[in-house]
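2 protein chains.
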Amino acid sequence: MGSLPLDASSVRPLDPEAFAGDSHAVVDFLAEYYRDVDKYPVRAADLEPGRLRKLLPEAAPEHGEPLDSVLEDVRRDILPGLTHWQSPSFFAYFPMNASAAGFTGEMLSVGLNVVPFLWAASPAAAELETVVVDWMGKLLGLPSRLLFSGGGGGVLQGSTCEAVVCTLTAARDRTLARLGHEAILRLVVYASDQTHATFQKGTRIVGIPPSNFRVIPTSAASGYGLPAGAVREAVERDAAAGLVPLYLCGTVGTTGLGAVDPVRELGEVARRHGMWLHVDAAYAGSAAVCPEFRGYLDGAELADSVSMNPHKWFLTNNDCCCLWVASPAALTSALSTDPEYLRNVGTTTGTPAAIDYKDWQISLSRRFRAIKLWVVLRRYGAAGLRAHIRRHVTAAKWFERAVAADQRFEVVVPRRFSLVCFRLRAVNDDVNRELLSAVNESGRAFMTHFVVDGKFVIRLAVGGAMTEMQHVMDVWDLLQGKADEVLQRYYQL
Amino acid sequence: MGSLPLDASSVRPLDPEAFAGDSHAVVDFLAEYYRDVDKYPVRAADLEPGRLRKLLPEAAPEHGEPLDSVLEDVRRDILPGLTHWQSPSFFAYFPMNASAAGFTGEMLSVGLNVVPFLWAASPAAAELETVVVDWMGKLLGLPSRLLFSGGGGGVLQGSTCEAVVCTLTAARDRTLARLGHEAILRLVVYASDQTHATFQKGTRIVGIPPSNFRVIPTSAASGYGLPAGAVREAVERDAAAGLVPLYLCGTVGTTGLGAVDPVRELGEVARRHGMWLHVDAAYAGSAAVCPEFRGYLDGAELADSVSMNPHKWFLTNNDCCCLWVASPAALTSALSTDPEYLRNVGTTTGTPAAIDYKDWQISLSRRFRAIKLWVVLRRYGAAGLRAHIRRHVTAAKWFERAVAADQRFEVVVPRRFSLVCFRLRAVNDDVNRELLSAVNESGRAFMTHFVVDGKFVIRLAVGGAMTEMQHVMDVWDLLQGKADEVLQRYYQL
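Protein sequences appear in the order of chains X and B. According to my numbering, the first sequence is numbered sequentially starting from 1. According to my numbering, the second sequence is numbered sequentially starting from 1.
No wet-lab data here; the hints were simulated from the structure. One thing to keep in mind: the hints can contain errors.
It does not matter which identical chain is meant; a pair holds if it fits inside one copy or across any two.
[What the hints assert, rightly or not] In the EDC-like style, the derived pairs of lysine to aspartate or glutamate whose C-alpha atoms are separated by at most 16 Å in a straight line are:
#	residue 1	residue 2
1	Lys455	Glu340
2	Lys455	Asp429
3	Lys397	Glu468
4	Lys138	Glu62
5	Lys138	Glu58
6	Lys39	Asp474
The task is simple: from the sequences and hints, build the whole structure.
Here you go:
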């Protein structure tokens, strides 16, 4: 079935038998990929731009081709050019978890292919989303005012950046409704020098002047958390100058270093000055499934919105971002549309059970992401997800201790979750850079870097779905070996 | 395997055997769904909000549950609450095609779960995207200046709305770089009263004053296309008043009626006044795979950007929106970010082969959508896709003739693609509304409506992956029967 070319006149795109034949073949292909993934260089071996483009024809084929030749091309031309995010030795950026549950949940979403942009356009899909965001919120210990069951509510989006654009738009329009649109030129947004670049981009997208984006410096003294006092001073200075403080972003688990901003203190500043507080827990929010990490979200009841990405460290294949808001009305009054072609029987608003999610996001159309996250929660349960998080935290702790015990290295900032930031001490940045390159070029692991206080730092982000203690021990062996080589060269010069 | 509950301490989320067992079970579940989909009421039968919410527990389970019970719950609780977008008798909104190729392509994307936000973060994934958007552009006969091979380029996004926000941001920032940010208050955006609501929402999101969104009226005389003369007058009036005409949206295949704006004439107005012209061919762009429909895109070489959604009528499961731009630099200079944690080996810019796609979209992270569209193009080929489009156009033509031949009905606007807009003539809107309700409540088909020139119009959008001529003949039978009943009641009163 999968091996026959398709005759154009007889294309039956959802013939159940042909569908099943092709899909079973791809399942087996992927299972084989997972079996072999640690045999590939983690970071794409061949970094010459244009390699794939040269291999492929310049136009789509005129006639359909058999699945076998497509899969053969994937194996031969594409896999060797990928960076293998699911490799157990992928420690770069942040993890992007795949899992059997996330995959099968996504298969249900993609296979049913319904579009729950209006409640009426697929009632059970919209309702499942309201259920699953409440489940997630409870699982992470979020305050009830952010849940539907407590008067707030949540939505699943594709990324933190979308969530930021939506909440910035809501905050902006709430303020402009009072002050007039001209005041857009006076709105100010606050973040730290550790806040994700997404916030600056989002601020720009929604039309707030780039010069009104305030970057508050952090330092080792506060563990690179955003000091509430400095925010207060900046806000007061801006207010005194006739500007309008609008939006403050606090992060729990920054991208560079895993730093944590003091949510409660930031919330108090935001409340006092009528600002929208968003808490970005994209990566570290997953850890809050374990009670021992909930303290970092203390004060979240002062936030107007909170977001985290199950697609990072929560076994939910890309994409899935949870956004919770205290005031759904603030969001929907900025983002709703009501054209005639969408006014159909069954559309209602106001109750959590009958939400038109198009008014909670940038786009009109959307995927049935809720079923993916629901399958993950059902299949692994809270206990399974806690075990998943703790496995990585334990491995990261082990690695942190190993680094600290080796005189040649230093831990740059204390580990809070599963990210360890370290460097070779007593040598310059170039040597550290060389060490990282040597590791990555070996193909046996992939890590990325950060720069803080002018120092080049290597990041080991533990969290891959297949990553076990042994892989972390292996990468430490690899690092020690490469450090020997690099330092030997350095001291010989 | 799939039937065993998971022990928390032994969760191995990507164990190849467990992955394959679960995934094969879900493939069979979906194949069965496709076999049975025409047995469900097309529109969700039970429209009482809250039905599903009441059936589900208030919190996620503590312990993992077997796949079988999850699938049993999907079958019992979720499927009956869905509107079945893949039913062959779904004629509402626009089609949202699933297909075996789209599904297996998405499986590869979701299973590999790589994140091609930087070229270096997955080179072959980024490169495949540059190849596949060029393939698509050539297939639709787009001018080469919108393709990488001609100095422009394309990107795959999730929705037209995202594409609109990106291009509006690019157009806005190109103009503000010249005039200063204060000029944001003077920017003006133009569309017709038939343009998708997405454009008004996008304009609002990017901070352009809502009062600067111009809605140009259309009429039956122009087939509800946007009259270029009226645009020119509005633009000249605004310019004379000190405003800054920024962005003009033309649509090929409007959502309400399938109307077509005169792209070339709009392009000439846009050029003369330095405006960005975007052509939205979300639905009808797919038809351009057939040469007989390419004329509607005549003048596209005057556009700054063009978008269309393979996830509508091009056998590519949701989501997938192609956006092409003539000037990639205009897009990336508005949307690029370059934080330290993303400065890694291998990042280059400027060549189509080494693109950092994060600078072409709202979000940082992204999915490997290119492999999905590539599998669709490979599996069906240009010939298969043309056959797919023509099958539906033929069925829509047949339906249009049947309606025209029945004295009780009228075709409201000439069909151009596969959308037929019609109504019962000589009776009021309430009777038409009643007819539509009767059809939808039968569960045997689902259509939606539109209002034009104050008249209620029923829309039959042909285009489902399983929709054959017979289904269109059946819905015409159904409509005639329901019309008998409704008109009998009407004339008895």
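To test your reading of the hints: which numbers does this structure violate?
none
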